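Asker: Sequences listed follow chains A and B, in order. Here this note's numbering is used: position 116 in the first sequence is 116, and no number is missing along the way. Offset between the second sequence (1-based) and this note's numbering: plus 1000.
Calculated from the structure, these hints are not laboratory results. Bear in mind the structure is a predicted one, so any value in this text is a computation, not a measurement. Glycine residues also receive a C-beta, built at the ideal position from the N, C-alpha and C atoms. A portion of the hints provided could be inaccurate.
Computed, partial: chain A to chain B, Cβ under 8 Å [to be verified]:
| hint | residue |
| --- | --- |
| 1 | F37 |
| 2 | P162 |
| 3 | F290 |
Dumping the calculated DSSO-like pairs for lysine-lysine here, alpha-carbon to alpha-carbon at most 30 Å [what the hints assert, rightly or not]:
| hint | chain 1 | residue 1 | chain 2 | residue 2 |
| --- | --- | --- | --- | --- |
| 4 | B | K1116 | B | K1209 |
| 5 | B | K1209 | A | K11 |
| 6 | A | K202 | A | K228 |
| 7 | A | K201 | B | K1117 |
| 8 | A | K18 | B | K1202 |
| 9 | A | K11 | B | K1237 |
| 10 | A | K18 | B | K1209 |
| 11 | B | K1209 | B | K1115 |
| 12 | B | K1115 | A | K12 |
| 13 | A | K13 | A | K115 |
| 14 | A | K298 | A | K228 |
| 15 | A | K213 | A | K202 |
| 16 | A | K228 | B | K1209 |
| 17 | A | K202 | A | K302 |
| 18 | B | K1117 | B | K1237 |
| 19 | A | K306 | B | K1290 |
| 20 | A | K13 | B | K1115 |
| 21 | B | K1121 | B | K1059 |
| 22 | A | K13 | B | K1117 |
| 23 | A | K298 | B | K1121 |
| 24 | B | K1116 | A | K228 |
| 25 | B | K1121 | B | K1237 |
| 26 | B | K1068 | B | K1209 |
| 27 | A | K298 | B | K1290 |
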Amino acid sequence: MDGVQINKPLKKKRYVLKEMWQSREDYLFMLPFLVLFCIFTVLPVVVSIFLSFTYFNVLEPPTFNGLQNYFKLFLNDDLFMKALSTTLIIALVTGPIGYVLSLGLGWLVSEFGTKTRAFLTLLFYAPSLSGGLASVWMIIFSGDQYGLLNGVLMDLNLIYEPIQWLTDETYMMGVCIIVIVWGSLGTSFLSFVAGFQGLDKKLFEAAAVDGIKNRFQELWYITLPSMKPQMMFGAVMSITNSFGVGAVISQIFGFPSTGYALYTLVHELEDYGSVRFEMGYASAIATLLFLIMIFSNKAVQKLLAKVGQ
Amino acid sequence: MAKRVKRVKETKRVSRSTGGTFLLFFILIFFAVLMALPMVLAISNSLKPLSELWEFPPKLFPRSPTLKNFADMFNIMSDSLIPFARYIFNTLFITGVGTAGNIILSSMCAFPLAKKKFPGKDAIFSIIVTSLMFNGTVTAIPNYIVMSTLGWIDTYWSIIVPAFASTLGLYLMKQFMEQSVPSTLLEAARIDGASQWLIFWKIVMPCVKPAWLTQLLLSVQALWNLGSSTFIFSDEKKTLAYALGQIVSGGVARAGVGAAVSVFMMVVPISIFAFSQSNIVDTMSTSGMKD
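Okay, chain A solo, but in the shape it has when bound:
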């Protein structure tokens, strides 16, 4: 009896090892990708978490300093708190708007015939295809009378002085949100277009027979639940993008933006990492950003699981 119990885990282990040996070709196939993935993604995340508990200036080896970086971030760094709130505002506004817009426009687009659908998909996806195009917003929101928006407003006599859209703190956040939402119809949008196109038409017939009264009920009880896998994937894409905003802002508003009005965690991270070389401190910022992204993703996944219930 005793012998059997001792042998059992051993046998299981031997069985797993045998299975692994039989799948050696599979492991070999995955090896090149997984090695690179570990070096450039997994390892950096682990190192980043480790460094966040140290003082490290690249020249000397890192020295352990416990939670000091985190204390400094929350208690002694006003700019960090500003960056954190700006990042959260941008993410909480542009994330959901971009997501709902992707879903809504994906649905509208899929109601059209093949040619129109292809054209509209291209039109909506184009902003995220070409990174340099965002700079065109500078022409639209340019602060002199030659800026498109100022020109139009002045021509209509709605304003008499050009508005400094890109440097006046009253307008900067609004303009920033427009630009980010404009570029947010990305991978998630394509996933939605494909999902709506692939819906089983018989479901709608069955629903009509079962007493679905209008299109809203149809959307909530039939369409969205069938789209759940796409919605999960789209949420991951949207969240990851909306927390990583930084480069577009620097491109349009300059760095630093007026009064640090659009200073995000990405900027703070770059400042400490590539300018001041305080790698331990920068790692603490990176670790927080990592936790925020993972937490938001998990929370939204839980929320989406409730769709159609």
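Based on these hints, arrange chain B on the given structure of chain A.
Answerer: Showing chain B alone in chain A's frame:
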């Protein structure tokens, strides 16, 4: 009889109210205009002569379109300290090698994940899905240490090799393979004695053409638009997007040339998408995540 047929059609699906249709159409037009505006403006400004660029009130469309801005763009390029052909070569090299490596390595990795059974499969895939939940900002600092340890600072490899291991492409490829490669076909090939390598090249890869076209687009999109990298210092190793960015930052005098640059840069990814759209949408139809 005809009446009955009509009634059957009506019950097929609940219909939308006319007001609803009108409203939806209005929303669609609104967003279509908003999305298209920067693109239209870039194209129109790139065709405007200097006198029309500084007009009040500004006009959306050029009255006497000219290609002078594009000619100026090439002139500025040929005057620069580093020959412009070098920037073009850099971007083509980085985009080409990075994309090819990404497609090959991630398809090879996706094959067992999609079609085989082996210990550790679920764990590996869930780590890959988790990696979709954060972006490169998070790993930027340790990556600098990794690059300097490898001695890759200021080399093309610092951009190319990490691009090989982009997980979004792997994820989409794995999902697509699962659905579109018939398991019976793989089984038959194995019984006939085909090696794993042969099965991969001759059966799996031809089946997943839409998925690797999608990867091609995603990878080109990332690498073609790549401006500056923190790992590259030498001017002669910088990319086209960086060099063109320098032209744009030349200020007001170059507004027209700047627009020409934006148009020039967007042509490549947009044409790839336009030509492979149906394949990409095919791939995306399997992109869903299970909870």
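Asker: Hint by hint, say whether it matches the structure.
Answerer: Going through the hints against the structure:
{"no.": "1", "hint": "F37", "in the structure": "holds (4 Å)"}
{"no.": "2", "hint": "P162", "in the structure": "violated (10 Å)"}
{"no.": "3", "hint": "F290", "in the structure": "holds (5 Å)"}
{"no.": "4", "hint": "B/K1116 / B/K1209", "in the structure": "holds (20 Å)"}
{"no.": "5", "hint": "B/K1209 / A/K11", "in the structure": "violated (43 Å)"}
{"no.": "6", "hint": "A/K202 / A/K228", "in the structure": "holds (18 Å)"}
{"no.": "7", "hint": "A/K201 / B/K1117", "in the structure": "violated (34 Å)"}
{"no.": "8", "hint": "A/K18 / B/K1202", "in the structure": "holds (28 Å)"}
{"no.": "9", "hint": "A/K11 / B/K1237", "in the structure": "violated (56 Å)"}
{"no.": "10", "hint": "A/K18 / B/K1209", "in the structure": "violated (34 Å)"}
{"no.": "11", "hint": "B/K1209 / B/K1115", "in the structure": "holds (17 Å)"}
{"no.": "12", "hint": "B/K1115 / A/K12", "in the structure": "holds (24 Å)"}
{"no.": "13", "hint": "A/K13 / A/K115", "in the structure": "violated (57 Å)"}
{"no.": "14", "hint": "A/K298 / A/K228", "in the structure": "holds (15 Å)"}
{"no.": "15", "hint": "A/K213 / A/K202", "in the structure": "holds (16 Å)"}
{"no.": "16", "hint": "A/K228 / B/K1209", "in the structure": "holds (26 Å)"}
{"no.": "17", "hint": "A/K202 / A/K302", "in the structure": "holds (29 Å)"}
{"no.": "18", "hint": "B/K1117 / B/K1237", "in the structure": "violated (44 Å)"}
{"no.": "19", "hint": "A/K306 / B/K1290", "in the structure": "holds (13 Å)"}
{"no.": "20", "hint": "A/K13 / B/K1115", "in the structure": "holds (24 Å)"}
{"no.": "21", "hint": "B/K1121 / B/K1059", "in the structure": "violated (59 Å)"}
{"no.": "22", "hint": "A/K13 / B/K1117", "in the structure": "holds (17 Å)"}
{"no.": "23", "hint": "A/K298 / B/K1121", "in the structure": "holds (21 Å)"}
{"no.": "24", "hint": "B/K1116 / A/K228", "in the structure": "holds (26 Å)"}
{"no.": "25", "hint": "B/K1121 / B/K1237", "in the structure": "violated (39 Å)"}
{"no.": "26", "hint": "B/K1068 / B/K1209", "in the structure": "violated (41 Å)"}
{"no.": "27", "hint": "A/K298 / B/K1290", "in the structure": "holds (13 Å)"}
Violated hints, listed in ascending order, are 2, 5, 7, 9, 10, 13, 18, 21, 25 and 26; each of the other numbered hints is respected by the structure.
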